[in-house]
Amino acid sequence: MKVHPSFLVSDYLLWALVVAVLVYVVYVCKNRHLLESWSLIAKNSITMVAVVVFCFYFFICLLDSIHLRIDSKSYSRDQVSVLDLVLPSHMVQSETTYSAPLSQSLYVKSLLSDHAGNSYRGHALLLGNKARLSTKSLRIRQSLLILEGVIIGLALGLFCHILFLIIFSYKKNISIWSCFNNIWQGKTRFALKSFWLTMFGCFIVLSVMFLLSINYHVMGTTQVGVDVLYETLKSIRTGIVIGTFTTVFMLPFALVLGSMAGYFGSIYDDVIQYIYITLSSIPGVLLISAVILVMQVYINQHAELFPTVSMRADIRLIALCIVLGITSWATLCRLIRAETLKLKQMDYVAAAKTQGVKPISILFKHILPNVMHIVIITVVLDFSSLVLAEAVLSYVGVGVDPSTFSWGNMINSARLEMAREPVVWWPLLSAMLVMFGLVLSANLLADSVRDAFDPKH
Amino acid sequence: MSDALIKVKNLTIKFPVKNSTSYTTVVDDVSFKINAGECVGIVGESGSGKTLTALSLLQLLPLSAVIGDNSSVIFNGNDLLSLTQKEVMKLRGSDIAVVFQDAITALNPVKTIGWQIAEVLRVHQIVKNKDIKSSVYKLLQDVGICDVSRCYLSYPHELSGGMRQRAMIAMALACKPKLLILDEPTTSLDVTVQAKIIDLLKDLQQQGMAMLFISHDLSVVSKLADYIVVMKDSTVVEQNKASDFFINPTSSYSKMLLSSLPNLKVQQKIPVKKENIVLVDGLKVHFPIKKGLLQRTSGYVAAVNNVSFTVNKGETLAIVGESGSGKTTVAKSLVRLLNATSGSISLNGIKLSSWINSKNGPWHRNIQMVYQDPYTALNPRMRVFDSIVEGMLAQIKSISRNDLIAKVDMLLEQVGLSLEYKWRFPHEFSGGERQRICIARALALNPGCLILDEPTSALDVSTQNKLLDLLLGIQEQLGISYILITHNIAVVAMMAHKVVVMHNGNTIEHGSSYDVLQNPTEEYTKTLLGSVPTINSLKEV
Amino acid sequence: MISYIIRRIVYAIPIVIGVNIITFMLFFMVNTPDDMARMYLGDKHVTPSAISRWKHDQGYDLPLFYNSDASAIGHVTDTLFFNKSLDLFTFNFGSSSQGRDISHDIWQRMWPSLALAVPTLILGLMVNLSFALLIVLFKGSYIDTFFSIVTVIMMSISGLFYIIFGQYIFGKILMMVPISGYQDGLSSFRFLLLPVVIGVVGGIGMGVRWYRTIFLEEMQKDYVRTARSKGLPEFSVLFNHVLKNGSLPIVTGIVVIIPSLFLGSLIMESFFGIPGLGSYTLDAISQQDFNIVRVMVFIGTLLYILGLILTDIVYAFVDPRIKIGA
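So the sequences go chain by chain: A, B and C. The numbering of the first sequence is our numbering, which starts it at 452 and goes up by one. The numbering of the second sequence is our numbering, which starts it at 0 and goes up by one. The numbering of the third sequence is our numbering, which starts it at 828 and goes up by one.
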């Protein structure tokens, strides 16, 4: 069985982003100003919870961003990610059609034959379920699994916690017991109590889901039999990619053009204002659909560059991010321009001018570092609205490729399912819940970031 | 004792420290009393707690403030600190009124003056609704406003600073309060306007109004106060009758404050050689007014109109004027932050306009500027070292890091700062220290002339003198010239060889500082000098 | 004032032209007139002569930007771009690819869009303002914390969820209102009730937070302290002082989107089957009907610029510190 990595373009970009974040963390540690602002965020308990939850989401996204190609008969898809390998194989396989959460059989009736060879209409058993259990014993079995999961989760959490205590007590030169006390009595400088509570909580939830998924489908299955929870987890990557890449693409343009327009004024200002007002006037939907269509045509004409379905879908995802970036950079540009105009009046800019510092140097050394707080606030704020926007765009039909796992696609199909009799509610609920978790933690983080970085506070 | 109008006893105010359970004490065990018809002045530098003390009388403190258990403020037999919100609201504006510092921010910008004053009358139901307008008119007249009907309909931004402050005072007097609290009422005003407001307050005092006057300016307080309370770092350092206080202060802090008071006696200067560093001839700076569909220039605002002066080596020229006189515009044109409309500026004999192409190196090495506000003059995200060497890096092609460090060390020594400061950030320093860093930065390029734009106006009194001494020392050591822009006559008296008095863009008077300050010839100069509250006029008290 | 308006309109012209060029390019990058012809004629009847006949009928047989065959100014004017754009500027919208009169359709479909958008805006504004003022009045108390939590949660729930959930509960389970559809006249109330309510509820999270931030910022200002020192009760301070100052940024935020109300909300109209301009545009894009698309983009741009100009003017009226043109 040969295994070799086959990264998608968005994988490379995601990992590049991770590297950039690490570089930024190193930069922050050296710069006392920024370190203080970021520490303020770490002192707030609610934000700590949000950060931990967000990190778990991001971790799942990263696991899903290492794609491999396995030449083996048991894998039908062309590319598999590490997440697929980590999750229980039962989750990755497909059933036939709908099934309710935590059930043992299909949702719809089909033609079955019993051991006597007679046919009847009934609910077929799902894969991995050899015998049909009574509801009561099914639930007992599942409750036992949940209990097991809780214990395993606690154990995992405890393991990490003890490791942490050891390192912490070594660095601070105090006993492990007093470390433990400090954390759980809330006396630490950062909100470590909430940090560890959330960690334990997440470990427990993940372990329970993992154990249950070995034999059952926690959130049921879709029309084509794909495990709903699996689909939801895979969609995390799509959501995060859209939330981050869009901002990353538009950031340089907004920064450079906004600060140039504000600082140099006159013709530069007029031209840049013209550009962003014109771009803002075009209805976003049109721009996005046009670019997506162009992309499709390009892909069709150069089919040899994108041999696999996943690569085509991936390029469409990146194209969507670029287009969303183009439609949303105007707001950030306007904010940066306004801030640059204010900064131009500052005495230290005047002092630099009188000392003969070149305008480019002034822009880089004085203007840009002092507009970064707006950039950070916007980046974090926009994240949640972009994730929500993706859902809407998929509905309209100009979102991601229908073959990509995304919450938008899930909600889109959910609409019709709600009209079925009996109602199929679990894909919608699953997508909504998991998306809600990501967006809520991003919003809470955004609030904290704004409080920490807004100079007015 | 029993005739005291208001008695403050053991007042203690604390604020919680963010993200912790401890508190900082901002007002510590303050006690004083105000008798009916008496004016008590609270003097202190910024951060001494004087404003918070005054605000606490009407429960106007921020929500997070914690008042000490045994603090009390007795007024009319009641402890003001323990009144309910409803009871306090009845008191505010009617029995005790407040005049705040900066009228432009203290007044609601989107409501007319008339409406805002009428509001006090309405809330306390002093007069019947139909009489409100005429009452407001009368109040405005009483505070010395001439065009009462126009003022009634104006918005705060449409009035001058002095008129706004008068309107604020009218608003405070509307319900005939027993006590008037004034928090730095004249600090943001020009000296001539300030003098008029002080006259108005003196009239009120003669009519028997009790006042609590808060200021950092001892000379202004000296004009009005019967009783002085000196506060430093949240405690009362000294309190005494005004007459006794000024003759015989007891605490060292008060002695220091009194000795820092402006002295208009001009220091005699050693005359310098006639060696022109800066020559300004017929400088005009006009800003166009654009109107109409095609934005045609319909007129000009003459910010600077035909100003000429020379500065010799080692000399200090002071440009004096009030806000709007054009002195800052002159300074900015000298360093090319603004373009002159006509006239010439020459540095070291060479015209500024031709410096760009000259072989004598960039003009930046001849003249530099120290800015007014030390809090905005340094980039908060750059270390002190980087701020100082920025100019050097731009001017000198290649210079080794060691050379830079050596130069910065030399500069820091010159301005009296510790060498390790160069790796710190601006927010770690006080206003005075920041201003020294700015001076070091300006000296980095070895300029022949330094423009000082109101170098001490943002600083506390105790720091001001130290900074001026430093500047004098540097002038002696390096033989550098100064162009000193200021509205503070005392600074001129201490530092300047020559003076130029400006008003509305024009030069009113110029000459040696001794001639202009001791024997002014023009009317405006005489008014300006007469408006300055000084220790000399204390003798009249 | 008049000169200011005229100047702003003049500045707007290059923008409209720019938008037109970009729309034009975007659309024709995707389908050339040949492709459009093929789509409408269907694959069966495709012969080159049929294509060129269709193109000629529709006016698509001219070159895109530059006509080298024509003479002098005809180089520019005898092109597809010029012809199509000229019609727009004279408000001669022509007919869609299916032969319907565009102006008539726009006029008809404008009303449902407005009937949906205007009540949502007004009701939303009232609800958001009331909640925000309530929160600020009780600042620091449990009401404040409660609403902070609730608004963050409401903001983090996707609007789609409100729509689907609302349709399911009220339409299917409770059967109180029809799920979708529309009828003209007074009976439209039944069809608009649910979308308006859902639109308002979905906007509470964001709206209340934004207004709350604005009002809280105003409360920190000095004039509020002066107002209190005059003996005003807290709600009087709020209503007579803070509200008017805080309404400046709020008004500008509202006025700028008023013209766009005509275009309607694409999402709401699609989900609820309301025949407004939003769904009109959406359908045109998916059916690749360029005639409708360029008209809607043109109108959209005009309305957007109108919104910008209106904002400046209204701001000058509301804020006595601003004087236009002087």
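No lab work stands behind these hints, which were simulated from the structure alone. Even glycine gets a Cβ: it sits at the ideal position worked out from N, Cα and C. It is possible that some hints are incorrect.
Unchecked claim - Lysine-lysine pairs mimicking BS3-like chemistry, simulated, CA-CA at most 30 angstroms apart:
| no. | chain 1 | residue 1 | chain 2 | residue 2 |
| --- | --- | --- | --- | --- |
| 1 | A | K809 | B | K350 |
| 2 | B | K132 | C | K966 |
| 3 | B | K406 | A | K795 |
| 4 | B | K13 | A | K809 |
| 5 | C | K999 | B | K85 |
| 6 | C | K966 | B | K85 |
| 7 | B | K13 | A | K644 |
| 8 | A | K644 | C | K966 |
Stated by the list, open to error - Okay, the calculated beta carbon distance ranges per label pair:
| no. | chain 1 | residue 1 | chain 2 | residue 2 | range |
| --- | --- | --- | --- | --- | --- |
| 9 | B | E522 | C | I840 | 54 to 64 angstroms |
| 10 | C | M852 | A | V675 | 35 to 45 angstroms |
| 11 | C | V1078 | B | V16 | 47 to 57 angstroms |
| 12 | C | K966 | A | N632 | 46 to 56 angstroms |
| 13 | B | V16 | C | R1017 | 55 to 65 angstroms |
| 14 | B | W422 | A | F610 | 55 to 65 angstroms |
Taking the hints in turn, this is what the structure says about them:
no., hint, in the structure
1, A/K809 / B/K350, "holds (22 angstroms)"
2, B/K132 / C/K966, "violated (35 angstroms)"
3, B/K406 / A/K795, "holds (29 angstroms)"
4, B/K13 / A/K809, "violated (48 angstroms)"
5, C/K999 / B/K85, "violated (53 angstroms)"
6, C/K966 / B/K85, "holds (18 angstroms)"
7, B/K13 / A/K644, "holds (29 angstroms)"
8, A/K644 / C/K966, "holds (28 angstroms)"
9, B/E522 / C/I840: 54 to 64 angstroms, "holds (56 angstroms)"
10, C/M852 / A/V675: 35 to 45 angstroms, "holds (40 angstroms)"
11, C/V1078 / B/V16: 47 to 57 angstroms, "violated (39 angstroms)"
12, C/K966 / A/N632: 46 to 56 angstroms, "violated (36 angstroms)"
13, B/V16 / C/R1017: 55 to 65 angstroms, "holds (59 angstroms)"
14, B/W422 / A/F610: 55 to 65 angstroms, "violated (42 angstroms)"
Hints 2, 4, 5, 11, 12 and 14 from the list above are not met by this structure, while the remaining hints are.
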